[in-house]
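> Chain by chain, the residues:
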Amino acid sequence: AQKVTQAQTEISVVEKEDVTLDCVYETRDTTYYLFWYKQPPSGELVFLIRRNSFDEQNEISGRYSWNFQKSTSSFNFTITASQVVDSAVYFCANLRLKYIFGTGTRLKVLA
Amino acid sequence: DARVTQTPRHKVTEMGQEVTMRCQPILGHNTVFWYRQTMMQGLELLAYFRNRAPLDDSGMPKDRFSAEMPDATLATLKIQPSEPRDSAVYFCASGQLTSWAGELFFGEGSRLTVL
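So the protein lines, in turn, are chains A and B. Residues in the first sequence are numbered from 1 upward in steps of one, following the numbering used here. Residues in the second sequence are numbered from 1001 upward in steps of one, following the numbering used here.
Derived from the structure by calculation, the hints contain no laboratory data. Since the structure is predicted, the reported quantities are computational estimates derived from the model, not experimental observations. Treat each hint with caution, since some may be false.
Said to hold, decoys possible - Below, computed lysine-lysine pairings styled on DSBU-like, alpha-carbon distance capped at 30 Å:
(1) B/1078 - B/1011
(2) A/3 - B/1078
(3) A/70 - A/3
(4) A/108 - A/3
(5) A/108 - B/1011
(6) B/1011 - A/98
(7) A/98 - A/16
(8) A/38 - A/3
(9) B/1062 - A/3
(10) A/98 - B/1062
(11) A/38 - A/70
(12) B/1078 - A/98
(13) A/70 - B/1011
(14) B/1062 - A/16
Said to hold, decoys possible - Here are a few chain A residues that sit away from chain B, every Cβ distance over 12 Å (derived from the structure):
(15) 19
(16) 42
(17) 44
(18) 45
(19) 59
As the list claims (entries may be wrong) - To give a feel for the contact side, a few chain B residues facing chain A, derived at Cβ under 7 Å:
(20) 1040
(21) 1054
(22) 1057
(23) 1086
(24) 1103
(25) 1106
(26) 1109
For glycine and all other residues, C-beta sits at the position ideal for the given N, C-alpha and C.
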């Protein structure tokens, strides 16, 4: 069965600090996809990144980076030099026939 | 920009009343999902459709919830009769998941309050 665990329910950091959001997934499939979505206060979820199970390369996009490790079934998300605009709920998701989301991590970046 | 459109944005109703939420997916997308978001449960998958055919509705309380896609431009989620525990934000999302690798585009959600 698919399952996604985001153990951190809420994180608060001060602006310019780095922060890592954890995501652990469970799946029996060899082919699957992992995603991160951001839900700002407006409510609409926004896609951030996709990774397939065959691509363990880490990715960096500006201040965002993602670390995918199959050995630990983790797909962690790091924001470098956080900003107040990063405040949102972040969801990790696993896709294999259906899109299963974790419970989300609420990130508060304080000025 | 193409967007997923959901109506109504907010709905307050009394227990026992029928509620219908509507979603217009992005034109050309072949997959539509319905999710429910609550503080306690997070984002729960209720049902999803591919090419308008229901693929999985195991997340829905069958006795009171129903989901349909009468045509490619409309997905509906109906609750009858509604109960206070149904109070949540309901999201519709669509995607072009030809290889199940696609991203989802979410609507702004329908916030339902059942008194």
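> Could you run down the list of hints and mark each one as holding or not?
Evaluation of the provided hints:
Of the pairs offered as hints, the one joining residue 1078 of chain B and residue 1011 of chain B holds, with about 13 Å between alpha carbons and a cut-off of 30 Å not exceeded. For the proposed pair residue 3 of chain A and residue 1078 of chain B, the alpha carbon gap of about 27 Å is at most 30 Å, so the pair holds. Taking the CA atoms of residue 70 of chain A and residue 3 of chain A, the gap is about 15 Å. The hint holds against a cut of 30 Å. About 25 Å separates the Cα atoms of residue 108 of chain A and residue 3 of chain A, which keeps this hinted pair within 30 Å; it holds.
For the suggested pair residue 108 of chain A and residue 1011 of chain B, the alpha carbons sit about 29 Å apart, so the restraint of at most 30 Å is met. A threshold of 30 Å between alpha carbons decides the hint, and for residue 1011 of chain B with residue 98 of chain A the separation of about 28 Å falls inside it, so the pair holds. Restraint check for residue 98 of chain A and residue 16 of chain A: not satisfied, since their Cα atoms lie roughly 36 Å apart, outside the 30 Å limit. For the given pair, residue 38 of chain A sits about 19 Å from residue 3 of chain A by alpha-carbon distance, which is consistent with the 30 Å threshold.
In summary, the hint linking residue 1062 of chain B to residue 3 of chain A is supported, as the alpha carbons are separated by about 23 Å, within the 30 Å threshold. At most 30 Å may separate the alpha-carbon atoms for a hinted pair to count; residue 98 of chain A and residue 1062 of chain B meet this at roughly 19 Å. This hinted pair checks out: residue 38 of chain A and residue 70 of chain A have alpha carbons roughly 23 Å apart, not beyond 30 Å. Proximity of residue 1078 of chain B to residue 98 of chain A is assessed by CA-CA distance (about 21 Å); at most 30 Å being required, the pair is judged to hold.
A hinted pair counts as satisfied when its Cα atoms are at most 30 Å apart, and residue 70 of chain A with residue 1011 of chain B does not qualify at roughly 43 Å. The hinted pair formed by residue 1062 of chain B and residue 16 of chain A fails the criterion: a straight-line CA distance of about 48 Å is larger than 30 Å. Once the 12 Å rule is applied to beta carbons, residue 19 of chain A is consistent with being away from chain B; the minimum gap is 20 Å. A beta-carbon of chain B comes within 12 Å of the beta-carbon of residue 42 of chain A; the shortest separation is about 7 Å.
Remark: the non-interface label on residue 44 of chain A conflicts with the geometry, its nearest Cβ contact in chain B lying 5 Å away (cut-off 12 Å). The non-interface label for residue 45 of chain A is inconsistent with chain B: the shortest C-beta to C-beta separation is roughly 4 Å, within 12 Å. For residue 59 of chain A, the requirement that its beta carbon stay farther than 12 Å from each beta carbon of chain B is met, with the minimum near 15 Å. At its closest, the beta carbon of residue 1040 of chain B sits 9 Å from a beta carbon of chain A; the interface hint therefore is violated under the 7 Å criterion.
Against a cut-off of 7 Å between C-beta atoms, the interface hint on residue 1054 of chain B is violated, since the closest Cβ of chain A lies about 12 Å away. Contact between residue 1057 of chain B and chain A, as hinted, is not supported at the beta carbon level, the nearest pair being about 11 Å apart and thus beyond 7 Å. The criterion of a C-beta within 7 Å of any C-beta in chain A is not met by residue 1086 of chain B, whose closest approach is roughly 18 Å, and the hint is violated. With a least beta-carbon distance of about 4 Å to chain A, the hint placing residue 1103 of chain B at the interface is held under the 7 Å criterion.
With 7 Å as the threshold, the beta carbon of residue 1106 of chain B comes within range of chain A, its nearest partner Cβ sitting at about 4 Å, so the hint holds. With a least beta-carbon distance of about 5 Å to chain A, the hint placing residue 1109 of chain B at the interface is held under the 7 Å criterion.
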